[in-house]
Amino acid sequence: MWTFFHKLGSPPWLYGISGTILRYLVPLTLIGLAVGVTWGLLFTAPDFRQGNSYRIIYIHVPAAVVALAGYYVMATAGAVSLIWKMKMADIAMKACAPIGAALTFVALVTGAVWGKPTWGTWWVWDARITSMLILLFLYLGVIALYEAYDNKEAAAKACAVLSLVGTVNIPIIYKSVDWWYSLHQPASIKFTGESTIHASMLYPLLLMIISFYALFTCALLMNMRGEMLARERRTKWVRKLAEDKAR
Amino acid sequence: MYFDSFAAMLSMDGHGAYVWSAYAITLVVVGALLLVPLRRQRRLLTELSGELRRNRGAPSQGPSVKEEDSHASGT
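Read top to bottom, the protein sequences are chains A and B.
First residue of the first sequence: 1, per full-length UniProt numbering; consecutive thereafter.
First residue of the second sequence: 1, per full-length UniProt numbering; consecutive thereafter.
Fair warning: there could be bad hints in the mix.
What the hints assert, rightly or not - Covered stretches of chain B (in silico footprint by chain A; criterion: 3 or more residues with CB under 8 Å from a CB of chain A, positions within the stretch not fixed): (1) 1 to 7; (2) 10 to 21; (3) 24 to 35; (4) 43 to 56.
Quick caveat, the hints were computed from the structure, so don't treat them as lab data.
Glycine included, every Cβ here is placed at the ideal spot set by N, Cα and C.
Taking the hints into account, I'd like the entire structure generated from these sequences.
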């Protein structure tokens, strides 16, 4: 167990193993996304009330779910880097932020595009949407804060604290639909409709959620590999990689 | 397939513009998520290998290399 953690902190080891993982995970992810999108767009029946606009669910929900899960990963990595001063945790935290921001952005934009034909408006300042917007700002805040420091250690510490404080927002996002239900307009019932979704719609949705998790993992590993190379560019193992490439 | 024709698939009973634009935006973002780190990594390695090649003739002028192994440097 401890040797595993020991290895996890070692850039050359993680660089090698993540390369192997990515060689299989990236194609699998792309296949999963392609199948899920085709299934959702072309092979499911339209929603009886929302018509075809509901097909946005196959990207909107997975993006939102993984954007939230990504925040857990980022905050956990932040906590580990804060407590044990583990460099790899700091690299993981930094790698999460742009992916989380991108997925939150996708969730918000697709939600707006879905809202227009369904609710008649692009945007509502309701609890769920507002707390998702805050999530986007938290991700962007971590990115900006990281860039604001010249000192890597100070940046890691500040970002870890920010991401930990920001976890307050996560249960608010989850519970926003229940807590502020009375404020919701009737058309936004879709948030609570997930459990009553028909199996023919549930399976492609589940496939898309799994594929988005895989996508997050791929992007996370790729970001971490780039960061490892950049930080360790003066070490032997990176020079060897570069030499192999030059040959 | 649910739709009868290609035109029906595009229009989706009037919702096509919304659905397809949502998917297009997502495609761009997802593509960027995978391509940006890939390009960064390639560029870094190319840069480094170029550096190494230039310094091969005159190793004394090369960038200083940390001699210690970086194994487990994170713990």
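Verdict on chain A covering the segment 24 to 35 of chain B, criterion of 3 CB contacts below 8 Å: holds (count 7)
Check of the segment 10 to 21 of chain B against chain A for coverage (Cβ-Cβ below 8 Å, three residues minimum): holds (count 8)
Claimed coverage, the segment 1 to 7 of chain B by chain A - three or more beta carbons nearer than 8 Å: With 3 residues close enough to chain A, the hint holds.
Coverage of the segment 43 to 56 of chain B by chain A (three or more Cβ within 8 Å): holds (count 9)
Of the numbered hints given earlier, the model fails none.
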